Amino acid sequence: MAVTIQRYHQRRFHAGLIAKHAVINLGVVIILLPLIWVLLMSVKSLPESYTTNFWPRQFDFSHYGFVLTRIQTLPQNMFNSIFVTLATVAITTFCAILGGYALVHVRLPGRMLLIWLLIASLFFPTRLLSLISIYEIQRQLGLLNTVVGLIFPYVTLNLAVSILIMRGIFEQLPHELVEASRIDGCGPWRTLFLVLLPLLLNGIVVVSMVNFVGVWGEYLLAVTLTNDQATRTLPVVLASAHSGMGQWAYPRIAAVYVIAVTPGIIIFALFQRLYFKGLTEGAIKL
Amino acid sequence: MATVASRVASAARAWRSTYRVSDYSNLLFLIPATVFFVGWQIYPIIRVFVLSFTDYKYLERNPPNFVGLHNYINALNDPLFHVGMLRAFVFTVVFVPLTILIPLVLAVLIDRVTNPWLSSFYRIVLLIPAVIPGPLVFVLWKWLFDFQIGPVNTILVEWLGIFTRQTAPQWLGGTPLSLPAVIIMEVWWGLGYHTMFFLAGLAAVPKDLSEQARIDGANEWQLFWRVIVPRLLPILSILVVLRFGTAMSVIDEYLIFGGFQRTSPTYTWTVYMYDLAFRIGDWLQGYAAAIGWLGAVVMMVFVVGMLYVFRSRD
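Here the protein sequences line up with chains A and B, keeping their order.
Heads up: the first sequence at position 177 corresponds to 177 in the working numbering, and the numbers run straight through without jumps.
In the working numbering, each number is its position in the second sequence, counted from 1, plus 1000.
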């Protein structure tokens, strides 16, 4: 009797275990399949790309070479994306470090008001609403249809959340450290750059990644504020590439796609440990 | 003998009294951020607000005329604005629960995976969609839903045999199915990111709490509702409010998926605003600004209401 009950429990346990992993793996498959599909699409031969085969009969890697050498504006578009992203990430991270420090470790009048304003701004559809007059501002500054011009609105995209994440990271740092460096005669600036900066690695990684992902694929502002194919960024080019048999055949767009997506995944894979750590330390407690 | 701590404390007191004057100089730290905030967020929003009371035109050399509440009255009587608001609401009401409940279940299951190798494998795979930027996700799913080559229809027709090639569903191009298509894509995109949020929350739930509940005779269902959900409530409420806000103001995916067909379920108030300001012509920017502000105010009423509801429960 007891043995059968135990067996029953064991069997139920196994069934539960299998069901659990089945559900999780279903999730994994649902996530990975679209990405595998586009990867396979990028190595299909041209005629085959118009069929519904999932697995290509023949692997054709020539599309990568084609898009990089034969589509004239594409290297320019890639450069635009890289340039705008790096500049924005650098500026935003810099602003976020200074802002987060100011909100935690130095005496600052109106600190709580600032924090509430930052949190409130997360709920407001700023990007959408301000578009009309950002267009106007950029036109007046002569920044319309330029790559550099994109940096300015881009920095503000994730600035609030970056500062809040940095604030979370700064709160983890022991206040004694700041006090000690004050006693040693450091002003607030030297405290930040000489004492605290090396301890901010997690936060810098998280903030950079949040910004990287946000900016590398920004669409609305990029498509509105630029006009020429030469000033456009990669996502805009991808979104507007309609596949015909010409230079934009399916496998070639897929190749551009793989090129556009890979940097994010590689960076994430490299930094994922720091990212998780920073996320649990800073980002969760908004 | 003064301890180190008290010495630090007294030094800190001294520092405070000496450098009190420098409090305002600490505002210098905020200058870089403020330049960007004011220049490209606060000023543009205020400017849009001012424009919404005028008949502003981009290419006009004369200063815009003040037209009072004209734009707002027009917008409130505009059937396209009503339909656009309604469409955004329908999307939000279907999308938000799905994009939060599915990751919640997934997170609870993954939290119980004991094998550390498997567990970290799942976590890494789950976060891959989160590091793919939005437009790239939309472009990908536009292909997946493609009538001809899209694998979604391939699966429905050739693998499952639910449809034939002739009756296969049209997902794109403003058909009624565009809305489910956008929702499926959005749920996919948020799947891993939201799961990570819940996993981080679950990590804070003490394991012996679940054990205790099990010993007391709680089944899995009770455990989930009585122990896990209450612990996750703070994260849940933040996610619901944030997702509600983003879902109501979605635009990129509609532009890429649905285009500017006015009958499409993806033609919401956000697309209407964009259409007015940047596509129809150069004379309706003031009207578009009014629609933008109206939509934002409606959204904020709901957001503040939800924040209040979740607050009072804590």
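Heads up, some of the hints might be wrong.
Said to hold, decoys possible - Just a few of them, taken from the derived set where beta-carbon distance is under 7 Å, the chain B residues facing chain A:
{"no.": "1", "residue": "R1047"}
{"no.": "2", "residue": "V1048"}
{"no.": "3", "residue": "Q1166"}
{"no.": "4", "residue": "D1252"}
{"no.": "5", "residue": "I1256"}
What the hints assert, rightly or not - Some chain B residues well away from chain A (every beta-carbon gap over 10 Å; in silico):
{"no.": "6", "residue": "F1029"}
{"no.": "7", "residue": "F1036"}
{"no.": "8", "residue": "Y1043"}
{"no.": "9", "residue": "D1078"}
{"no.": "10", "residue": "V1090"}
{"no.": "11", "residue": "L1106"}
{"no.": "12", "residue": "I1162"}
{"no.": "13", "residue": "P1180"}
{"no.": "14", "residue": "L1223"}
To be verified - Simulated coverage check for chain A against chain B, where a stretch passes if three residues somewhere in it have a Cβ under 8 Å from a Cβ of chain B:
{"no.": "15", "stretch": "95-104"}
{"no.": "16", "stretch": "209-223"}
It is worth saying that the hints were derived from the structure and are not from the lab.
This one's a predicted model, so the numbers in the text were calculated from it and none came from an experiment.
All residues carry an ideal CB built from backbone N, CA and C; glycine is no exception.
Going through the hints against the structure:
1. R1047: This interface hint holds because 4 Å falls under the 7 Å limit.
2. V1048: holds (5 Å)
3. Q1166: Violated, about 15 Å.
4. D1252: Given a least distance of 5 Å, the restraint on D1252 (chain B) holds.
5. I1256: For I1256 (chain B), the interface hint holds, since the closest Cβ of chain A sits about 5 Å away, which is under 7 Å.
6. F1029: Given a closest Cβ separation of 4 Å, the condition is violated.
7. F1036: For F1036 (chain B), whose nearest Cβ neighbour in chain A is about 5 Å away, the distance does not exceed 10 Å, so it is violated.
8. Y1043: violated (8 Å)
9. D1078: Answer for D1078 (chain B): holds, closest chain A Cβ roughly 17 Å.
10. V1090: holds (18 Å)
11. L1106: violated (5 Å)
12. I1162: The assertion about I1162 (chain B) holds, with a minimum of 15 Å to chain A.
13. P1180: holds (16 Å)
14. L1223: Non-interface label stands for L1223 (chain B): nearest chain A Cβ at 13 Å, farther than 10 Å.
15. 95-104: Result for this restraint: holds, n = 6.
16. 209-223: n = 9 at 8 Å, threshold three: holds.
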